[in-house]
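2 protein chains.
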Amino acid sequence: MPKLSDRGIHMPESPIRKLVPFAEKAKAKGVEVIHLNIGQPDIKTPEIAIEAVKNINMPVIEYSHSAGNESYRKGLAEYYSKVSPGISFENILVTTGGSEALSFAFTACFNPGDEVIIPEPFYANYNGFAESTGVNVVPINSNIEEGFALPPIEDFEAAISEKTKGILICNPGNPTGYLYTQEELDKLKQIVEKHDLYLFADEVYREFCYDGREHISLLNLKGIEDRVLVVDSVSKRYSMCGVRIGALVCRNMDVINTIMKLAQARLSPPSLGQIASEAALKTPSTYFEEVSAEYVQRRDLLVDGLNEIEGVFCPKPGGAFYAVAKLPVEDSDDFCRWMLEEFEHKGQTIMMAPASGFYSTKGKGKQEVRLAYVLSQDKLKVALECLEIGIKEYQKVEATV
Amino acid sequence: MPKLSDRGIHMPESPIRKLVPFAEKAKAKGVEVIHLNIGQPDIKTPEIAIEAVKNINMPVIEYSHSAGNESYRKGLAEYYSKVSPGISFENILVTTGGSEALSFAFTACFNPGDEVIIPEPFYANYNGFAESTGVNVVPINSNIEEGFALPPIEDFEAAISEKTKGILICNPGNPTGYLYTQEELDKLKQIVEKHDLYLFADEVYREFCYDGREHISLLNLKGIEDRVLVVDSVSKRYSMCGVRIGALVCRNMDVINTIMKLAQARLSPPSLGQIASEAALKTPSTYFEEVSAEYVQRRDLLVDGLNEIEGVFCPKPGGAFYAVAKLPVEDSDDFCRWMLEEFEHKGQTIMMAPASGFYSTKGKGKQEVRLAYVLSQDKLKVALECLEIGIKEYQKVEATV
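Taken in sequence, the protein lines are chains A and B. Counting in our numbering, the first sequence runs from 7 upward without gaps. Counting in our numbering, the second sequence runs from 7 upward without gaps.
Derived from the structure by calculation, the hints contain no laboratory data. Just so you know, not all the hints are guaranteed correct.
[Unchecked claim] Listed below are the simulated DSSO-like cross-link pairs for lysine-lysine, each with C-alpha atoms no more than 27 Å apart in a straight line:
| id | chain 1 | residue 1 | chain 2 | residue 2 |
| --- | --- | --- | --- | --- |
| 1 | B | Lys33 | A | Lys80 |
| 2 | B | Lys370 | A | Lys9 |
| 3 | B | Lys88 | B | Lys50 |
Just need the whole structure built from these sequences, with the hints factored in.
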């Protein structure tokens, strides 16, 4: 038989989804699995978006323009002009989720073997997109003890080689929930100017910033407009992950025109998802206020609850709906699997994402897990109870091994 | 500024879509453009699929399983078991269009620099997927004079190098409409066995075979089951290109498991499109009979009409809904552009896809165009009239240059 490709073999499994078979087995045994592993919110999709889909009046579900429907792109231009004045629809390509936007960005900007610096822990699928496009991730470590703040500029300088071609951040961060300050973004600006790099930001959680803090988009960094590529998605903003609609926003038209060729090859982004997404632009601001208020309550409940468990430490995130917690266990991969395979409390257990998959450096994050607070407060309370009891039981097992 | 990637720079423009700006200008002048350039059928999407979308009852449009909804995959398994007995849902991954299925197949099976042999002319976007995944296309020529039959086995042998890792066919063919015979497929089987290769088929036009001929799927080639990857899509089958739902079908579970990791990285295929696609599995067979009958009439009208124009030659396709015609012009790229920029007849003109983009060998196909017979017979009649008059006028212009 011909061999599989090296990139196929080395492609990492998703730490968010790799434990799914164990969860399925637990469910088959009748155990209720509370999913803290995946950022699939239970928040309702705005009715205006659902109604638009239900009211489609199209005898043929046709391809859209490869860049997305122009009416939608113009609607997005209004949205982004509030984020950063002067974004035109020509600066926006509609993509199949933020995933495709990032794959396109890597493919268009990097040669195989080029390096991208990413503060870790980072969204695990960046490893997947890097592997499939032949790009090498160079991680620099941000620490749970410092709440995952941007690493010092010296760490970036030390990581830069002649192969370095860009820096990628996620802001607010997945998995950390960290929200970057203006000072931190200004530091990144200095570095990319000095070393002639691209600067990518995954800003899909832009709408979810808490405690009165405002999101600062990379699109607002003056003087490096041509270096900045922003990856976005409607998945979390409107709680409609399944429509698979994202966007690539960039003022550099050479980049846009190159990515447009990639977009043409795959013909068009999903038409039905674009209908939902265009309608969702009219979502009333009260929706976001309510959703944000709910996430803040969930965050406080979860994070405060985590820190009350003996041996657990979890910095309070400033945005998104994830938290990374350090647990008093040796190996969170094993612990997360054990929680699904061996544990139950009143017929329930929890599924978490082991944080090791969110680090590129081998051995990092072994005691950490990512938790998504996308479920009701009642569920989160049960989850905390399961976790507290689970840790105690697991520690006994650990001690006997 | 940092440079764009080499693959980004070399990424070909779509020959199907690259003339869009000229078409837009023509439309802005008030000229009606008849689109023969793109396989966007005017055939109605089955009502059962549209109704399923209109009747969605989901408060949250969630991610699906990365492999696609299990209920849909099980429905597909029934469908494919009619194509080839014994296909299980585990052999099927739901993808974002056939495009993603092919990108996944290339990424999982080929290292950058590996070679895939494709009989040309071939679907232009294969060049794009090859470029973006670092795979080298080695074309072998099939000729319009022989109706685009499979090139002789010696041509394959001559093209095989130590870098060759697979052969890709499109059956029935886009752009040629050619339908391969059992003998031709058996030849391919011999070659891939002898040289230890993968064999890929794009079978998205499977349902459209004419004149009583039956489609033979690669899934039916005995003894090479582990080498065969089939790319499929609902786009053309149910005339719903915009839902962006395809499939990768393969009996080799190592391949499936590797592609599953790529699928996990992009989270899930579109949920709304899957709802339409699952419902479409129940499309009555009368739908396909009517659609096929309509395509046969259109084919006969178009192809017979083309062959009546002086200097034009077009072999009659056995399937799909495309035809490649040789025109009495020096450079069909220039002619197609001229038809949009300079020509109109009674306020109308036609947009065609220059065939050069469907060849990998430089200089091939320069006199040829691809025409999609996806429009009403009335429109096709007008298109033929435009083409006949357009050729005559263009020849005068050519003569004076």
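Each hint tested on the structure:
A C-alpha spacing of about 20 Å is found between B:Lys33 and A:Lys80, which places the hinted pair at or below 27 Å, so the restraint holds. Distance check on the hinted pair: B:Lys370 and A:Lys9 sit about 33 Å apart at the alpha-carbon level, beyond 27 Å; violated. Pair hint B:Lys88 plus B:Lys50 holds up; C-alpha atoms about 25 Å apart against a cutoff of 27 Å.
Comparing the model with each earlier hint shows a violation of hint 2 alone; every other hint is respected.
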